[in-house]
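Following the hints, position chains B, P and D against chain S.
Protein chains in written order, with our numbering: chain S, 5 to 257; chain B, 5 to 257; chain P, 5 to 257; chain D, 5 to 257.
None of these hints come from the bench; they were simulated from the model.
A couple of the hints might just be wrong.
One copy or any two copies: either way a pair holds, since identical chains are not told apart in the list.
Said to hold, decoys possible - With a cut-off of at most 20 Å between alpha-carbon atoms, the simulated SDA-like pairs for lysine to any residue come out as follows: (1) Lys-120 <-> Gln-110; (2) Lys-154 <-> Glu-113; (3) Lys-154 <-> Glu-114; (4) Lys-154 <-> Asp-119.
Protein chains: 4
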Amino acid sequence: MTNTQVTHIQIDNYGPWTVTPEPRREVDLQTLQSRLFADLSQLFGNRDGYVFFSRFDNMIAVSNGLDLDDHRLIQESVGNRYPVTMSLSVATGTSPVQALGDATSQLQEEGSAQDKHRREILKGRTIDDEFRTADDVQIAHFDVNDATGKYTDQLNEFDTFIHIEQGYAELMRYMRQAHDSLCFFVGGDNVIGVCPDLDEADYQDAVDHVHEAVDVDLKVGVGRGRTAQSAGMDAKHALEDCRAAGTDVELLF
Amino acid sequence: MTNTQVTHIQIDNYGPWTVTPEPRREVDLQTLQSRLFADLSQLFGNRDGYVFFSRFDNMIAVSNGLDLDDHRLIQESVGNRYPVTMSLSVATGTSPVQALGDATSQLQEEGSAQDKHRREILKGRTIDDEFRTADDVQIAHFDVNDATGKYTDQLNEFDTFIHIEQGYAELMRYMRQAHDSLCFFVGGDNVIGVCPDLDEADYQDAVDHVHEAVDVDLKVGVGRGRTAQSAGMDAKHALEDCRAAGTDVELLF
Amino acid sequence: MTNTQVTHIQIDNYGPWTVTPEPRREVDLQTLQSRLFADLSQLFGNRDGYVFFSRFDNMIAVSNGLDLDDHRLIQESVGNRYPVTMSLSVATGTSPVQALGDATSQLQEEGSAQDKHRREILKGRTIDDEFRTADDVQIAHFDVNDATGKYTDQLNEFDTFIHIEQGYAELMRYMRQAHDSLCFFVGGDNVIGVCPDLDEADYQDAVDHVHEAVDVDLKVGVGRGRTAQSAGMDAKHALEDCRAAGTDVELLF
Amino acid sequence: MTNTQVTHIQIDNYGPWTVTPEPRREVDLQTLQSRLFADLSQLFGNRDGYVFFSRFDNMIAVSNGLDLDDHRLIQESVGNRYPVTMSLSVATGTSPVQALGDATSQLQEEGSAQDKHRREILKGRTIDDEFRTADDVQIAHFDVNDATGKYTDQLNEFDTFIHIEQGYAELMRYMRQAHDSLCFFVGGDNVIGVCPDLDEADYQDAVDHVHEAVDVDLKVGVGRGRTAQSAGMDAKHALEDCRAAGTDVELLF
Chain S
5 MTNTQVTHIQ IDNYGPWTVT PEPRREVDLQ TLQSRLFADL SQLFGNRDGY VFFSRFDNMI
65 AVSNGLDLDD HRLIQESVGN RYPVTMSLSV ATGTSPVQAL GDATSQLQEE GSAQDKHRRE
125 ILKGRTIDDE FRTADDVQIA HFDVNDATGK YTDQLNEFDT FIHIEQGYAE LMRYMRQAHD
185 SLCFFVGGDN VIGVCPDLDE ADYQDAVDHV HEAVDVDLKV GVGRGRTAQS AGMDAKHALE
245 DCRAAGTDVE LLF
Chain B
5 MTNTQVTHIQ IDNYGPWTVT PEPRREVDLQ TLQSRLFADL SQLFGNRDGY VFFSRFDNMI
65 AVSNGLDLDD HRLIQESVGN RYPVTMSLSV ATGTSPVQAL GDATSQLQEE GSAQDKHRRE
125 ILKGRTIDDE FRTADDVQIA HFDVNDATGK YTDQLNEFDT FIHIEQGYAE LMRYMRQAHD
185 SLCFFVGGDN VIGVCPDLDE ADYQDAVDHV HEAVDVDLKV GVGRGRTAQS AGMDAKHALE
245 DCRAAGTDVE LLF
Chain P
5 MTNTQVTHIQ IDNYGPWTVT PEPRREVDLQ TLQSRLFADL SQLFGNRDGY VFFSRFDNMI
65 AVSNGLDLDD HRLIQESVGN RYPVTMSLSV ATGTSPVQAL GDATSQLQEE GSAQDKHRRE
125 ILKGRTIDDE FRTADDVQIA HFDVNDATGK YTDQLNEFDT FIHIEQGYAE LMRYMRQAHD
185 SLCFFVGGDN VIGVCPDLDE ADYQDAVDHV HEAVDVDLKV GVGRGRTAQS AGMDAKHALE
245 DCRAAGTDVE LLF
Chain D
5 MTNTQVTHIQ IDNYGPWTVT PEPRREVDLQ TLQSRLFADL SQLFGNRDGY VFFSRFDNMI
65 AVSNGLDLDD HRLIQESVGN RYPVTMSLSV ATGTSPVQAL GDATSQLQEE GSAQDKHRRE
125 ILKGRTIDDE FRTADDVQIA HFDVNDATGK YTDQLNEFDT FIHIEQGYAE LMRYMRQAHD
185 SLCFFVGGDN VIGVCPDLDE ADYQDAVDHV HEAVDVDLKV GVGRGRTAQS AGMDAKHALE
245 DCRAAGTDVE LLF
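Chain S extracted, bound-state conformation (with noise of 0.2 Å):
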């Protein structure tokens, strides 16, 4: 059984700010907001948690491994370093999407995301240490089958990216539908999703209805771990043995 534990990561206020007291610089805009989901990265990273950038104003973190202290040090720390401030939220369970359910459900119980007297949030609880297993997180990667040779070296860069941003789009709406995942695109043709107990079948449903639905070649590694890290290097290594075997799905656990 995975126990996900879930950080919804959500900058305050942060709509109003962009436009106050006029629109700010878009450059300067998607310079803060990428740097600060490397800072994230980094943050959540070196505690062995994941975070993914999704609508870069509002995160997602796979936080197995991390206290509540830790999230405190995490927001201030941003707070220290940063012109805007955020709120955390974490939740636990079985199901990583009624685990975020949980957690932002949390969060809207405090003001709207543009409530400008709501700051620094951080709510929710996370997992004891005695209650952490070696199967608490299982992570999924999944990439395109030769999305160099079939797309990136043949067509203009944009029909490239029209390409995997709709098999993308289908897939993380069918894991989330179908299978409770939660999947996110994280650069070039790779999607990691985190994912509660599936099995090998599971995601050879998902590969076959990427494939129909949008013509788009998937194959996938899952891996299993205490934390998204070693999860999700496991899941690494799975797809690294998918591409020399030639199979669609391969599950190191």
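Below, chains B, P and D without anything else, positioned relative to chain S:
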């Protein structure tokens, strides 16, 4: 008539690097990618260009105002500070899609994105100063109507993300096919389009199409300028006009 | 008794790299160095350590609380994200100077700082958890009395800088020779000292010496802790006590 | 004749901010300061200027080639991305010390560095393009003879640092008093000097003085140019000439 100068940015042989000799830690890759994008945002942005992260290993810039020496400096600066290098290819045209197509083709002629001997290519032509005009760049800034009230404050964050993402996937595909435009998600509920000489009816058509196809309600402000920065800033002000007037489309030119 | 764990951080073969094949642009080197230091500040700091930039190509960390695995992760993360690699050597002792001496010697045994084949060395021993105590680290935080009123708001900025710098040069030398301490300028008018088990009279002696030698008036707050972070935060509070009480030396233990 | 354009950069009301409401974590301050400097290095550097970190809360730039609009953009970009703002004051002159003196005075007239109502000042005059020449900037690049062989590979790192630091402290003071120059430590064993129209004998005098005063042996390459970047790159090549020829001083003009 627009005359968009587009730069295709490609990290050299990036895929193989990420798994050599072993798969590298995902959090480090995420940090590397997002910081490289942040740096490029500043490097192009301080010369009034825009960069979009698209796939991170391949990025797309609107580079009106930058000549080849500027590109060379950016390439050298990245080479001095990152463990990877990048190739740059520039082309221009009345259609952003066509310009990008030319830029990508020039790069593909030099070898595969995963050719380990093809490094730091710099190709293409920029627009001579004497031919640059105040109509060269047309930028459209889209956002989702009441995204905070309808999605962020109501749904779990992943379902909000799915709505935004499906709206974006539909918009990017439609604008490319019907209107020769390049649209990029830039965070939150915002999409920026790089467009040829479109008029109000074209934008209304796109807004209507997305509403019908995936039930996501957009509005859009449009600006024109000599550079992405000036066109983009006008687009932001036009979007504020939409917000104030409750309209779907505002053109500030 | 203090038991300071000191890490000597050395960029591998950095000097030659900066001029190969041609001298690299100074602004890129400055950016690289200061960002690497910023990253190390976070990487050590998020484990409650302190890093000092000293010469930038060689940096010194107080690393109580980090074991060799933590060091290995930091080394790998930098190797994944920078065009240069670094070697790390750790040693411990009641005297910070002696600990650093041991750390440096271990590194020198492996070859020259400019040996192109000596890369990513990781050597030394850290303090086992069972032997760590709340007195292990003693941190002193010095600043210049009324630096803003006497210097910044009166002199040209370089002459202010000369005053601060001469005060620092004298303090660093004296504290090393007379008190086995490592003192580092950390910006503004602030110097942080990593000290053995010194008492109030020792600090008063240092303040008096700098006053007599170069006519710069210092005050100092001192803290103790299990880590650099806890000792350093107490030192900051002690310095606030100096400010409030008008005293030269305050010890918060 | 040189005509150096100097910009005094001052973080507004920084000291009080670092301790409000409580002292902020030192590692976050170090990260903030060094990243701000890295950003300024790029922002000035991409317009061929140089920035020196000096005290970090006050920095000094050689800004020939940047006009007030460039300064305004840099100020705005920092304000958009950091929790602090900065003031900029520019002045020019044949003596870098005098130019900096004027820049600092202009800033002091607007209020104290710790005046909480004095924010984002932008003052001064830049050199009109028609008056700029290829002799405007003279840059000297000093380093320590065989620093790796004599210090880094022999002494403990702090004692090496003390040697370098004492050499720098003496050089900066002497060059300011005897030769109206601004010298800055830039890492490793390197010091960069911003000089008026000095000749070979002046540089030999400085090298001799430091040798006699503190027994540190320097060499120096000197370049001239329209911008700091071109003068500085020539200085680096001149320093390579010293290395090849075994000389103390080389001028590349």
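Status of the hints after comparison with the structure:
1. Taking the shortest Cα distances, Lys-120 and Gln-110 sit within 20 Å of each other inside one copy (17 Å), while across copies they are farther apart (37 Å).
2. In this assembly of identical chains, Lys-154 and Glu-113 lie within 20 Å of each other by CA distance solely across copies; the values are 15 Å between and 47 Å within a copy.
3. In this assembly of identical chains, the alpha carbons of Lys-154 and Glu-114 lie at most 20 Å apart only when taken from different copies (17 Å versus 48 Å within one copy).
4. For the identical chains of this complex, Lys-154 and Asp-119 are inter-copy neighbours only, at 15 Å across copies versus 47 Å inside a copy, given an alpha-carbon limit of 20 Å.
Consistency note: the structure conflicts with none of the earlier hints.
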